[in-house]
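> Spelled out, the chains give:
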Amino acid sequence: MHHPQVLRSQMRWECHGGQEESKQEQIYVGRSLMGPPTPFTLMPMPGVPITHTQQPYVTGTSVLGLIYEGGVLIAADTAGSYGSTTRFKSVERMKAVSNNTLLGASGEISDFQAITQLLDRLIVADAMWDDGNDLGPLDIHNYLTRVMYNRRNKFDPLWNTLILGGVKNGVKHLGSVSMIGVHYVDNHIATGFGIHLAQPIFREEWKENMTLEEGTRLLEKALLVLFYRDRSAINKIQVANVTEDGVHISQPYALKSEWNLEAFKNPTASAAGSW
Amino acid sequence: MRSWKLAKMSMVFAPRLAESAPTSHVGASWSPYDNNGGTCVAIAGADYCVIAADTRMSTGFSILTRDYSKIHHITEKCVLASSGFQADVRSLQKNLDARHQIYQHQHSKQMSCPAMAQLLSNTLYYKRFFPYYSFNVLGGLDNEGKGCVYTYDAVGSYERSGYSSQGSGQTLIMPVLDNQLKSASPLVLPPRESSTPLTESEAVDLIKDTFASAAERDIYTGDGVEIVIINKEGIRRETMALKRD
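In order, the protein sequences belong to chains W and X.
Position in the first sequence (from 1) plus 3 gives the number in the numbering used here.
Position in the second sequence (from 1) plus 75 gives the number in the numbering used here.
Bound conformation, chain W alone (with noise of 0.2 Å):
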């Protein structure tokens, strides 16, 4: 199901969820242990074409996300799109940041793991000051703000829209980043298609101290009307669970869909035709 190369953060983080994956530790030395973390382009050189405004290739879509009474939790399905193609179906679109944050992506799926790779230079940088105090989920809504804002000034965007959501010090966090650094925070989120399909059913549904099995249903509920309704959404989603203690993904699973209606079953019955 995972991408064969094992990331150094997937191991760490994912591992306190109790996954049956191996736990092997694998220490990896490279570049990434050399310093703080360094911008995406480099300079603009003579004779090298410069990048500007993209347009996304494979695309995740809409990633959820809710606060409940032990943390919070963010979902998103494993589909990564080429356009109207569902070309990848075990797309991982939400990566434990540290052990008590969590970032979702709808979008470039490859802008996404550009993220994580910085994220993770990032935590490494702050962890090695060894100073009792490491960077918490508002830490790094900030500072993927301020990331994804450069990156809009210089009209050269990130094309995702991130959710980041945490628990550090009993306080939970979830917010929201787009490509052009417009960032909020709130009790429920949603991204892309989530906006217009799943925040209404959060708005009518929603309550403070809802339990796990409260917020995992709410957010079932909601993906399922998005599978049914967004053509880029397939039935194959992750619940990741995110408490000051660790953050906990699951296997991807699918939801209980109806497709029995007669409508379906002999989609011609009532059409017009010669023949």
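Keep in mind the hints are simulated off the structure, nothing from the lab.
Keep in mind that the hints are not guaranteed to be accurate.
Distance condition first, Cα-Cα at most 25 Å in a straight line; then the derived DSS-like pairs of lysine-lysine [claimed, not checked]:
1) W:LYS175 / X:LYS169
2) X:LYS283 / X:LYS318
3) X:LYS318 / W:LYS210
4) X:LYS221 / X:LYS202
5) X:LYS169 / W:LYS171
6) W:LYS92 / W:LYS239
7) W:LYS92 / W:LYS224
8) W:LYS239 / W:LYS224
9) W:LYS239 / W:LYS268
10) X:LYS221 / X:LYS283
11) W:LYS175 / W:LYS210
12) X:LYS283 / X:LYS257
13) X:LYS169 / W:LYS157
14) W:LYS157 / X:LYS202
15) W:LYS157 / W:LYS210
With the C-beta cut set under 10 Å, the calculated list includes, among others, these residues of chain X facing chain W [as the list claims (entries may be wrong)]:
16) TYR108
17) ASN111
18) ARG141
19) PHE160
20) GLN161
Note that the Cβ used here is the ideal one computed from N, Cα and C, for glycine as well.
Use these hints to put chain X onto chain W, whose structure you have.
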């Protein structure tokens, strides 16, 4: 070797030379701007200033959140309310904060409201050719303790006045404020104060009425209004719910 030196020189002295390289322009679909809506109002009194803004943040025909503050305390006696493109607004607020911190280190005191007004104008004009899409109203107490309101366009043109509104509901609110607050011409004798003759609580009530009215017809204004009142006692904050449709 020579061409390498030339390349280095071109980067230092004329970095724009790099743009003669082929660029890839893919369609015209992306805009660096968005309008996240919202309305800001401020009213200055003889010894107070009231600044208010709604709390709705939108994009296109969707509401992103109903509880986002457009009001920013920059100095002890000065409050900035801004609507427009939220990412630019936030960046502008941080920019002014940083400049204010430096000012405090250098002068061992806070910036006055008129000084901040000039700084804001200069900051906006600095990005005259890639503007902050931010419609600002600055309110506070001037050096004599009288209420002052400064109103701006997106590129820094500004003016001190007794009252102002900016943002998506500006055209709905401004005529109401003119009707209630507009003072006689400055040429009138005996000379009349330019600030509002209203009391502080009357000004707050007027603000509430204007926002309730704007929320009826402007789709980007609604959910709630945040009202900040500055007087010699300090700064206090009130909120009022608005229609959520």
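> Does the structure keep LYS318 of chain X and LYS210 of chain W at a Cα separation of 25 Å or less?
At roughly 20 Å apart (the allowed maximum being 25 Å), LYS210 of chain W and LYS318 of chain X satisfy the hint.
> Going straight from one Cα to the other, do LYS175 of chain W and LYS169 of chain X come out at no more than 25 Å?
24 Å, holds
> Checking hints one by one. Is PHE160 of chain X an interface residue toward chain W, by the C-beta closer than 10 Å rule?
For PHE160 of chain X, the interface hint holds, since the closest Cβ of chain W sits about 8 Å away, which is under 10 Å.
> For LYS221 of chain X and LYS202 of chain X, compute the direct alpha-carbon distance and say whether it is at most 25 Å.
31 Å, violated
> Quick check on ASN111 of chain X please, does its C-beta sit within 10 Å of some C-beta on chain W?
With a minimum Cβ separation of about 6 Å from chain W (threshold 10 Å), the hint on ASN111 of chain X holds.
> Is it true that the CA of LYS92 of chain W sits at most 25 Å from the CA of LYS239 of chain W?
OK: LYS92 of chain W and LYS239 of chain W at ~8 Å, within 25 Å.
> For LYS92 of chain W and LYS224 of chain W, compute the direct alpha-carbon distance and say whether it is at most 25 Å.
21 Å, holds
> Holds or violated: LYS239 of chain W and LYS224 of chain W, Cα atoms, limit 25 Å.
OK: LYS239 of chain W and LYS224 of chain W at ~14 Å, within 25 Å.
> Quick check on TYR108 of chain X please, does its C-beta sit within 10 Å of some C-beta on chain W?
7 Å, holds
> Holds or violated: LYS283 of chain X and LYS257 of chain X, Cα atoms, limit 25 Å.
18 Å, holds
> Is the straight-line distance between the alpha-carbon of LYS169 of chain X and that of LYS157 of chain W 25 Å or less?
At roughly 19 Å apart (the allowed maximum being 25 Å), LYS157 of chain W and LYS169 of chain X satisfy the hint.
> Would you mind confirming whether the straight-line C-alpha gap from LYS175 of chain W to LYS210 of chain W stays at or under 25 Å?
OK: LYS175 of chain W and LYS210 of chain W at ~15 Å, within 25 Å.
The structure fails to meet hints 4 and 15 from the earlier list, while all remaining hints are met.
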